[in-house]
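Q: Below are the chains, spelled out letter by letter.
2 protein chains.
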Amino acid sequence: MAATSPAAVELAVKLVDGDKRALARAISLVENDDPMGWELVKEVFPRTGNAKVTGFTGPPGAGKSTLISALIKNLRARDETVAALSIDPSSPFTQGALLGDRIRLTEHFLDPGVFIRSMANRGALGGLSEATLQAVLLMDAAGRDNVLIETVGVGQAEVDVIDHADTIVLVLIPGSGDSVQALKAGVMEIPDVIVVNKADHPMTDTLVREIKGVLALGNPVDGWTPPVVQTQAAHGIGIEDLVAAIDQHRAHIIEQGTLQERRRRNLRHEVLELATISLRHEIEAVIAADPGAQELLDQVVERKLDPGSAAREILRRRADQT
Amino acid sequence: MAATSPAAVELAVKLVDGDKRALARAISLVENDDPMGWELVKEVFPRTGNAKVTGFTGPPGAGKSTLISALIKNLRARDETVAALSIDPSSPFTQGALLGDRIRLTEHFLDPGVFIRSMANRGALGGLSEATLQAVLLMDAAGRDNVLIETVGVGQAEVDVIDHADTIVLVLIPGSGDSVQALKAGVMEIPDVIVVNKADHPMTDTLVREIKGVLALGNPVDGWTPPVVQTQAAHGIGIEDLVAAIDQHRAHIIEQGTLQERRRRNLRHEVLELATISLRHEIEAVIAADPGAQELLDQVVERKLDPGSAAREILRRRADQT
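Each protein sequence line maps, in turn, to chains C and S.
Following this note's numbering, the numbering of the first sequence begins with 2 at its first residue and continues without gaps.
Following this note's numbering, the numbering of the second sequence begins with 2 at its first residue and continues without gaps.
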């Protein structure tokens, strides 16, 4: 394997030392798929595995970023450091913040114990989940006690990004009928903690009852029944309960051994994903550079050659070239 | 390329002739990743491209299968043949049907002009989208005028399956707050037609107003503004309007040339996907058979080797072996 460049080593030293600017730079490198980003992760990887990683998912408008902001305040009061990563394109963290959020976030920006960062959606060709894991690893190596990931999800099971978290929190609000239906139908996986935010809404009790009804139908996974926590994030109400629920879940998965198992499975999965993405880029390059491959694609569009045969033929051409 | 086996040719002849049992058998072969399934698709592929393919997506409980059932009745009255494919694990088509649905579906089962089929979810390793396309191609080659695909979606953009449709219909019901938020936030792509089902609900007007508000914010794509159709599928109300909206969309995309463009893009994308999946299976096989690769994965779990380096090393080992 190639030796790590002096520049990467220097940045790695600063990052592990807790330098916020080094962390920001490192994440940009990873996000831009810069080779130095990969060198960095390689360098600091042995330092990872210590942060508590919590993922927040839920429909847009549920108040995830406000909740995370309130949670950060609480964790700072316990003198724990935090890094937050938003990959929700509809989040104020990502978009530049509404007035109210900006005020709340400014207070965090001035605190060296808080690092907030957003990442852009990479589109269908993938890689976002991989870039996210690399960013989480960098935050972890930077010695942050907590890493909080914000993502958007409205019921699909295939939200890979959230798999990098140890504890998954689903944030709903009164009116989240679709998400509850998705939970009920088994289309959405049951999270570890469920938050009903904006719990001053008159329909809160109905939503809580519906959620508990869904949870009562399923068997607890590894002996854990997800607690339903009511919050009013904008007023800091219920945040203590949320922190307690996350802590309890963590204690539970450590005791059961599922934390190690989950991380093990995710890391192995990640290696396979990275290898696949790399091969996919290779095939794309082959197609782009090879007029014969282009012609095969044209034949598919003209319905002269089926997609399966074209795929096999392109793989054969690639094998011949290497 | 290998010659097609006589058994595949025989099945292909029956399938193209419109034999429902041959079609059912062919889809099973594709679903089970049987090599004969691929042979079949190869054989009949030149016969495809004629069916009108419409995809239905939306949260569980929105009544998609009831709507499709009502639509089938309408299309049959126009003397058009139909094949419906459900890949929604929460659908009664997939699960075996509730009493009411079963009665409605039985009437279709006896009709040679209607073919209904469900496919199981293939899980995270993928392939469902590919199996779906193959099934759609088979239905198309079988001479069905219409292919209807039912899938579940609650706002994610990454519902690949639906990409195989020419026209995408999003089905919502009053209470679909999360989906509307997802549309508003740009997390969910704007579909071609929006149905508000169960439109006898008192909150219908509010939902329609919200949807139109969201649509008014965006620019029409290729000069098309999605119509919002109100239906009561269980009572057959509004189905004529839905058929008219789908027909209008089809006429529009043919006129604009976007139908050919969309199919062209999807077929090319499909070839790349099939090639990638094939390579991924190869890597999995390499890892499973190579103790050295297993050891690399163990080193990642022990945080001695980073995932990126492990992926590169596994690809190198694979290249050495071939």
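Derived from the structure by calculation, the hints contain no laboratory data.
Just so you know, not all the hints are guaranteed correct.
The list treats identical chains as interchangeable, and a pair is accepted whether it falls inside one copy or across any two copies.
[Stated by the list, open to error] Each computed SDA-like pair below joins lysine to any residue, with the alpha-carbon atoms no more than 25 Å apart:
| no. | residue 1 | residue 2 |
| --- | --- | --- |
| 1 | Lys305 | Asp20 |
| 2 | Lys213 | Glu283 |
| 3 | Lys185 | Gly64 |
| 4 | Lys185 | Gly144 |
| 5 | Lys53 | Leu298 |
| 6 | Lys74 | Pro36 |
| 7 | Lys43 | Trp225 |
Q: Hints first: check each against the structure and report whether it holds.
A: To see whether the hints hold, each was checked on the structure:
1. Lys305 with Asp20: between (58 Å within a copy, 23 Å between copies)
2. Lys213 with Glu283: neither (48 Å within a copy, 43 Å between copies)
3. Lys185 with Gly64: both (22 Å within a copy, 15 Å between copies)
4. Lys185 with Gly144: neither (39 Å within a copy, 37 Å between copies)
5. Lys53 with Leu298: between (47 Å within a copy, 22 Å between copies)
6. Lys74 with Pro36: neither (35 Å within a copy, 58 Å between copies)
7. Lys43 with Trp225: Neither: 35 Å inside a copy, 49 Å across copies.
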